[in-house]
Amino acid sequence: MTVVALTRQNVVDFLYKEAKLLDEWKLKEWAALFTDDGTYKVPPIGKPEASPTESLFYVHDNRSRLQERAERLLKKEAHVEYPHSTTLRNYHNILVSGVESDVITVECNFTTHRTKREVLDTFVGKHKYEIVQQNGELAIKSKKVILNLDSLRPHGKISLIL
Amino acid sequence: MEELIRDNREKNEFLVHRSVFTDKEMLARERAEIFNKCWLFIGHETEVPEKGDYKRKKVGGRNLLLVHSQDGEIRALYNTCPHRGALVARENEGNSRVFRCFYHAWSFKNDGQLNGMPGKDGFPDDFNCDGEKDMKAVNRLESYRGFIFVNFDDQAISLDDYLGDAKEYIDLAADQSETGLEVLGGVQEYSVRANWKLLAENSVDLYHGMPTHKTYFDIKQAQDPGLKRVKLEGRGKDLGNGHAVMEYVAPWGRPVAQWTPIWSEDLKQDMEKMKEKLVERFGEERADRIANYNRNIIIFPNLVINDIMAITARTFYPSSPGYMEVSGYSLAPIGEDEEHRMARNNNFLEFLGPGGFATPDDNEALELCQEAYNNNEEVQWNDISKGMVRGEENAMATDELQMRSFWRQYKVRIEESMKKEVAQP
Numbered sequence: 018m019t020v021v022a023l024t025r026q027n028v029v030d031f032l033y034k035e036a037k038l039l040d041e042w043k044l045k046e047w048a049a050l051f052t053d054d055g056t057y058k059v060p061p062i063g064k065p066e067a068s069p070t071e072s073l074f075y076v077h078d079n080r081s082r083l084q085e086r087a088e089r090l091l092k093k094e095a096h097v098e099y100p101h102s103t104t105l106r107n108y109h110n111i112l113v114s115g116v117e118s119d120v121i122t123v124e125c126n127f128t129t130h131r132t133k134r135e136v137l138d139t140f141v142g143k144h145k146y147e148i149v150q151q152n153g154e155l156a157i158k159s160k161k162v163i164l165n166l167d168s169l170r171p172h173g174k175i176s177l178i179l
Numbered sequence: 096m097e098e099l100i101r102d103n104r105e106k107n108e109f110l111v112h113r114s115v116f117t118d119k120e121m122l123a124r125e126r127a128e129i130f131n132k133c134w135l136f137i138g139h140e141t142e143v144p145e146k147g148d149y150k151r152k153k154v155g156g157r158n159l160l161l162v163h164s165q166d167g168e169i170r171a172l173y174n175t176c177p178h179r180g181a182l183v184a185r186e187n188e189g190n191s192r193v194f195r196c197f198y199h200a201w202s203f204k205n206d207g208q209l210n211g212m213p214g215k216d217g218f219p220d221d222f223n224c225d226g227e228k229d230m231k232a233v234n235r236l237e238s239y240r241g242f243i244f245v246n247f248d249d250q251a252i253s254l255d256d257y258l259g260d261a262k263e264y265i266d267l268a269a270d271q272s273e274t275g276l277e278v279l280g281g282v283q284e285y286s287v288r289a290n291w292k293l294l295a296e297n298s299v300d301l302y303h304g305m306p307t308h309k310t311y312f313d314i315k316q317a318q319d320p321g322l323k324r325v326k327l328e329g330r331g332k333d334l335g336n337g338h339a340v341m342e343y344v345a346p347w348g349r350p351v352a353q354w355t356p357i358w359s360e361d362l363k364q365d366m367e368k369m370k371e372k373l374v375e376r377f378g379e380e381r382a383d384r385i386a387n388y389n390r391n392i393i394i395f396p397n398l399v400i401n402d403i404m405a406i407t408a409r410t411f412y413p414s415s416p417g418y419m420e421v422s423g424y425s426l427a428p429i430g431e432d433e434e435h436r437m438a439r440n441n442n443f444l445e446f447l448g449p450g451g452f453a454t455p456d457d458n459e460a461l462e463l464c465q466e467a468y469n470n471n472e473e474v475q476w477n478d479i480s481k482g483m484v485r486g487e488e489n490a491m492a493t494d495e496l497q498m499r500s501f502w503r504q505y506k507v508r509i510e511e512s513m514k515k516e517v518a519q520p
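Chains as they are written, first to last, in our numbering: chain A, 18 to 179; chain B, 96 to 520.
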């Protein structure tokens, strides 16, 4: 297997691709970005380093659960997202470290807007990724979403994939 | 008086007038007759286990401070300075012997007693000799099996009497642990753009389970192909005072002692041992009930304890007719084995909470009800009659007796209010 020398720009482009897939509701393609042991987590607000046994997360998905999450959201019976809400994700302040190591870590700020039934909600926070190369392509080993909010009010839910 | 609830047992018809979800005057009446007079859940004793532990809580529209005082007592202090009113504790939680108001630097012991202030010479020598300048505590605070409640009505009946028959069901949830239950960190604070009573209804509504949560049950079916068909069956019960329960079997695993194929074989053996232990403690019948039956309990007006694929407690309060603030808790046995705890928490998150596969769809249903109540002028009544034809004592869990129990109590309290004038909101 050839390991291609990566640049920071490759990693940034990969993240933009992820955001675009989510905004276009290509959720199976989004799930396919993850490694076989990939995880997707949203820890409690204000406790980004909480332990999942001691604290209640919002999302604590292993690879199969994140697949179920993606597939569920595409069903008409996922009522909260049917019809699909309109979303727009922006990633900013992207910090890439270890671009030459086996596991690249990325931290970025995000702003995700969601509008449905003429109500606009905005989620803000920080994404933390571990990214690896797999079959010559980048893949997400872990994605952690740290919400920089006081509470989920007035959003009320994290029905989207953030 | 305008009729709000039609309870016609001869016709087997139960109707709720939709204005109760949209009318500002109704909210003012609810504040006066329900939230100012009923026992309201403030938190669990394990949230403030040590002396000095405190947590800010919004209860019944008040800003409270649940605090484990230095004398060992748990109090609910009104989080306002007796001097000029500023919020005293500004951190959401912490541990402190003293609370200090930053405005004029008055300070208070963690039982509320005024400790000191700058410029003492400007006050009389006997200042605060009557305790009037201490941080005020809610007079009525009582607890049942770790669940702490407050009541703003000094004349209220005891919590024990108020809970009445609901205690049996709280016991069934609490008895699954020999060591007691604890609240996990990270209480989920969210909202729904809908009237608060819609969540009270929804939390004890099994009728909506299949249509609203089909995607969840599809996932369960895929995880366990052995599930020939998904069964949701059981009984509904009126517990008096507006409380109600549905007790039923369901296709999900229960981290008490009902194993499911997504869990490991080790866990299966553990769970069989847990079940044996329960049988030793409570006998076969009660052990079976604790392990294999699910319970959704509504404690009037706004506490839900769901002992289902995990244990959640939720409480919710309206800030306007069309908006409520919800606090969602997860409870688990103290000292639970790590693997069990993880299985429990995964179970919780798969269904429950703002990021689960089911709760967001509930929220959507509630919000769509609220949105469509703008047709109230022409379409006035909700129908909550399901199961009345069977007779209330034969109600199934998928009937609507649980909701009727809530509404019958609501009717009593609001009719009382209708005799009085209410300040226009």
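If you're looking for bench data, these hints aren't it; they were derived computationally from the structure. Hints are not guaranteed to be accurate.
[As the list claims (entries may be wrong)] What follows is a list of derived Cβ distance ranges for each label pair:
#1 B:Lys515 x A:Glu66: 50 to 56 Å
#2 A:Glu154 x B:Gly147: 35 to 41 Å
#3 A:Asn110 x B:Gly430: 38 to 44 Å
#4 B:Asn469 x A:Gly153: 30 to 36 Å
[To be verified] Under the rule of at most 20 Å between Cα atoms (straight-line distance), these lysine to any residue pairs were calculated in the SDA-like manner:
#5 B:Lys309 x A:Lys34
#6 B:Lys262 x B:Arg151
#7 A:Lys161 x A:Val28
#8 B:Lys153 x A:Val149
#9 A:Lys133 x B:Tyr418
#10 A:Lys64 x B:Arg381
#11 B:Lys150 x A:His172
#12 A:Lys64 x A:Leu155
#13 A:Lys64 x B:Val344
#14 B:Lys150 x A:Lys161
We put the beta carbon where it would ideally sit given N, CA and C, even for glycine.
Going through the earlier hints one by one, which of them does the structure break, listed in rising order? Per hint list: 2, 4, 5, 6, 8, 10, 11, 12, 13, 14 violated.
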